[in-house]
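Asks: The chain contents come next:
There are 2 protein chains.
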Amino acid sequence: MREYDELFARIKEKAKLVDEKLFGLIPEKEPKVLYDAARHYPLAGGKRVRPFVVLTATEAVGGDPLSAVYPAVAIELIHNYSLVHDDIMDMDETRRGKPTVHKLWGINMAILAGDLLFSKAFEAVSRAEVSSEKKARILETIVKASNELCEGQAMDLEFEKRETVTIDEYMKMISGKTGALFDASATVGGIVGTDDEEYIKALSTWGRNVGIAFQIWDDVLDLIADEEKLGKPVGSDIRKGKKTLIVAHFFENADEKAKEKFMKVFGRYAGDVKGKGIIEEDMKAEVMEAIDLLKEYGSIDYASRVAKDLVNKANEALKALPNSTARKDLELLARFIVEREY
Amino acid sequence: MREYDELFARIKEKAKLVDEKLFGLIPEKEPKVLYDAARHYPLAGGKRVRPFVVLTATEAVGGDPLSAVYPAVAIELIHNYSLVHDDIMDMDETRRGKPTVHKLWGINMAILAGDLLFSKAFEAVSRAEVSSEKKARILETIVKASNELCEGQAMDLEFEKRETVTIDEYMKMISGKTGALFDASATVGGIVGTDDEEYIKALSTWGRNVGIAFQIWDDVLDLIADEEKLGKPVGSDIRKGKKTLIVAHFFENADEKAKEKFMKVFGRYAGDVKGKGIIEEDMKAEVMEAIDLLKEYGSIDYASRVAKDLVNKANEALKALPNSTARKDLELLARFIVEREY
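Protein chains in written order, with the numbering used here: chain W, 1 to 342; chain D, 343 to 684.
Keep in mind that a hint or two might mislead.
[To be verified] Pairs of lysine to any residue, SDA-like flavour, derived with a Cα cap of 25 Å:
id: 1; chain 1: D; residue 1: K486; chain 2: W; residue 2: R39
id: 2; chain 1: W; residue 1: K29; chain 2: D; residue 2: E490
id: 3; chain 1: D; residue 1: K476; chain 2: W; residue 2: R137
id: 4; chain 1: W; residue 1: K134; chain 2: D; residue 2: E475
id: 5; chain 1: D; residue 1: K582; chain 2: W; residue 2: M91
id: 6; chain 1: W; residue 1: K161; chain 2: D; residue 2: D624
id: 7; chain 1: W; residue 1: K103; chain 2: W; residue 2: R137
id: 8; chain 1: W; residue 1: K144; chain 2: D; residue 2: V472
id: 9; chain 1: W; residue 1: K29; chain 2: D; residue 2: K670
id: 10; chain 1: D; residue 1: K503; chain 2: W; residue 2: S175
id: 11; chain 1: D; residue 1: K486; chain 2: W; residue 2: L17
id: 12; chain 1: D; residue 1: K374; chain 2: W; residue 2: L17
id: 13; chain 1: D; residue 1: K670; chain 2: D; residue 2: K371
id: 14; chain 1: D; residue 1: K486; chain 2: W; residue 2: M91
id: 15; chain 1: D; residue 1: K371; chain 2: W; residue 2: S175
[Claimed, not checked] Some chain D residues close to chain W (C-beta under 8 Å, calculated; not the full set):
id: 16; residue: L349
id: 17; residue: I353
id: 18; residue: L376
id: 19; residue: S488
[Said to hold, decoys possible] Pulled from the structure, derived: some chain D residues nowhere near chain W, Cβ distances all over 12 Å:
id: 20; residue: A463
id: 21; residue: T483
id: 22; residue: C492
Since the hints were made in silico from the structure, they are not lab data. Just so you know, even glycine gets a beta-carbon here, dropped at the ideal spot from N, CA and C.
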């Protein structure tokens with residue numbers, strides 16, 4: 001759609017501002033291997049959605065987005081550090097179409113590259129061109145989010161060891177794992193641009209809800225999207241046994257027989273299935289049956305509705321801000337997040 | 343010695359102030375496994391030497407040590423995060439007499455526990471009861487040190503893959519790996535207590551040199567100390583093939599034949615030697631021969647002299663500060679570091 005294309009153009013424009021300072025903090029330097037590993041994900045791509053939120057939030061409250069660039073860089077660095085470490089924990093082999101950091105440099109260097117990105121995030125905070133009072137508040141906001149990131153990831157690791165999780169548990173986990181940093185992005189943008197606590201609060205609510213919706217919609221897409229567009233096989237989360245909101249809803253609503261049937265497929269194809277005598281067609285058929293079960297109990301519809309409700313709630317909160325192009329961009333971004341097909 | 347006993351008593355006293363706020367940041371809370379893993383090293387012990395340096399540096403420039411408690415907690419948390427992650431990388435199995443975090447909770451939770459401690463360090467900065475300007479400067483100082491920590495550790499990892507390192511390379515690595523955080527400890531203490539740049543500079547110089555001396559002396563002790571006092575076998579660094587200043591000096595000075603002889607033992611007994619048909623007595627004899635080679639070329643004496651010179655340089659710098667009990671404590675601590683037998 002044309003309005004999304006225009007949004008993407010503006011995201012790209014702001015990404016340029018951000019990347020200049022981002023790569024200034026992690027230049028090509030010694031120890032080369034460390035900086036190469038740290039630069040890998042930022043170089044491999046990423047749309048810089050969170051930095052866009054920071055800069056646009058600043059604009060939406062009447063501030064100068066240029067003074068929010070370093071805080072935006074800080075958020076992007078936190079995001080990248082968490083990707084590097086999460087990929088080790090999840091044993092993921094590719095990210096942004098390239099091998100993961102630990103695949104290329106080994107686990108030790110990947111731990112260290114993540115640590116450096118984390119440290120550099122706080123260097124970015126330290127460089128923010130705002131008053132010392134605002135800097136202190138930005139620090140506080142980012143620290144809160146990075147604590148929550150760890151807590152959310154710990155819950156997610158713990159989920160792996162369990163048969164099922166409840167909707168409440170899932171929502172708590174995902175609020176930390178993806179809600180917190182979107183919240184911090186919008187909040188930090190607000191802090192840079194205004195002293196109006198009501199605006200900052202509205203941005204925080206917007207970010208938290210959009211962040212949660214983003215992940216839920218991702219999990220919905222895994223089940224309903226076109227494989228071509230998605231770039232991975234449909235139902236790959238079911239193969240891996242990933243506990244999503246959809247699965248949590250299913251477990252709270254399905255009868256014992258349906259659950260039993262689902263569990264036979266759920267998580268059965270985790271890791272590399274090559275050479276295990278598994279016939280691709282059989283696996284696909286099984287996964288499709290499991291997806292049908294989720295559909296039967298309305299679990300995919302439920303999650304999809306929750307994501308859309310969260311976005312509505314987010315954009316409703318944003319009405320506390322004056323009408324502006326920047327506010328519209330945030331609204332548009334939130335809508336895109338639950339309308340995208342990839 | 344009695345003066346050291348009195349110093350230890352004061353270190354203990356200050357540790358109490360620090361621990362109260364330290365454990366306030368990492369209380370027993372959910373997700374339990376994450377917080378348990380993060381609390382493990384702080385609970386297992388540690389003398390809180392770096393926090394002592396922070397508080398005493400503040401006192402030494404005429405400030406109130408109580409306002410330096412959170413900055414001191416920040417430094418201790420950085421130290422502990424780096425221990426958790428370094429232990430994973432070095433595959434160490436015990437620390438402070440207990441199993442390492444990754445031994446008890448697995449690598450994934452250990453990565454995450456380290457991340458949480460890192461994040462909490464910046465929360466401690468954020469809670470510092472100082473002006474926003476000082477807070478910003480403390481942040482900058484700690485960020486610089488934590489960048490250097492990563493760089494030093496990356497160099498150390500890279501050393502493992504090489505046959506030898508030069509004295510210059512070693513000094514650069516160790517300046518980051520242990521010099522930086524001692525430097526930051528003294529500097530941060532100075533920032534809290536004064537605006538006098540000369541005092542802060544003097545403290546920074548003191549901390550950097552003491553930190554480097556600390557590690558060099560540790561490596562000397564590994565070769566000359568009493569096994570009972572040290573709590574580990576003499577020459578364990580030689581068994582592991584650890585590149586120390588002593589080894590760097592030896593490689594710059596020994597003749598080819600001596601180097602060849604040394605290399606036959608150096609790093610030969612890395613990891614678990616049980617069940618590999620190695621006779622303990624043979625290994626000990628070999629290691630003692632390697633130590634004799636180091637002695638022959640004056641490498642142990644050289645490192646020991648470097649450590650003592652660094653401490654002299656450190657305490658010389660400290661003379662820029664007014665004479666006080668606090669300054670004397672710092673001088674005493676520095677002297678202890680290169681006189682201790684364990």
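Asks: Compare the structure with each hint and give your call.
Replies: Hint by hint, here is what the structure shows:
1. D:K486 - W:R39: 18 Å, holds
2. W:K29 - D:E490: 13 Å, holds
3. D:K476 - W:R137: Holds. K476 (chain D) to R137 (chain W) sits at ~14 Å (cutoff 25 Å).
4. W:K134 - D:E475: Judged against 25 Å, a Cα distance of about 11 Å means the pair holds.
5. D:K582 - W:M91: It is violated: about 29 Å lies between the C-alpha atoms, which goes past 25 Å.
6. W:K161 - D:D624: Violated - the C-alpha atoms of D624 (chain D) and K161 (chain W) are around 46 Å apart, more than 25 Å.
7. W:K103 - W:R137: 37 Å, violated
8. W:K144 - D:V472: 20 Å, holds
9. W:K29 - D:K670: 40 Å, violated
10. D:K503 - W:S175: 42 Å, violated
11. D:K486 - W:L17: 24 Å, holds
12. D:K374 - W:L17: Given pair K374 (chain D), L17 (chain W) is violated - Cα atoms ~41 Å apart, limit 25 Å.
13. D:K670 - D:K371: 40 Å, violated
14. D:K486 - W:M91: Between K486 (chain D) and M91 (chain W) the Cα gap is close to 31 Å, so the pair fails against 25 Å, i.e. violated.
15. D:K371 - W:S175: Holds. K371 (chain D) to S175 (chain W) sits at ~17 Å (cutoff 25 Å).
16. L349: 32 Å, violated
17. I353: 28 Å, violated
18. L376: 4 Å, holds
19. S488: Constraint on S488 (chain D) satisfied, holds at 4 Å.
20. A463: 9 Å, violated
21. T483: Check fails; 9 Å does not lie beyond 12 Å.
22. C492: 4 Å, violated
Of the numbered hints listed earlier, those contradicted by the structure are 5, 6, 7, 9, 10, 12, 13, 14, 16, 17, 20, 21, 22.
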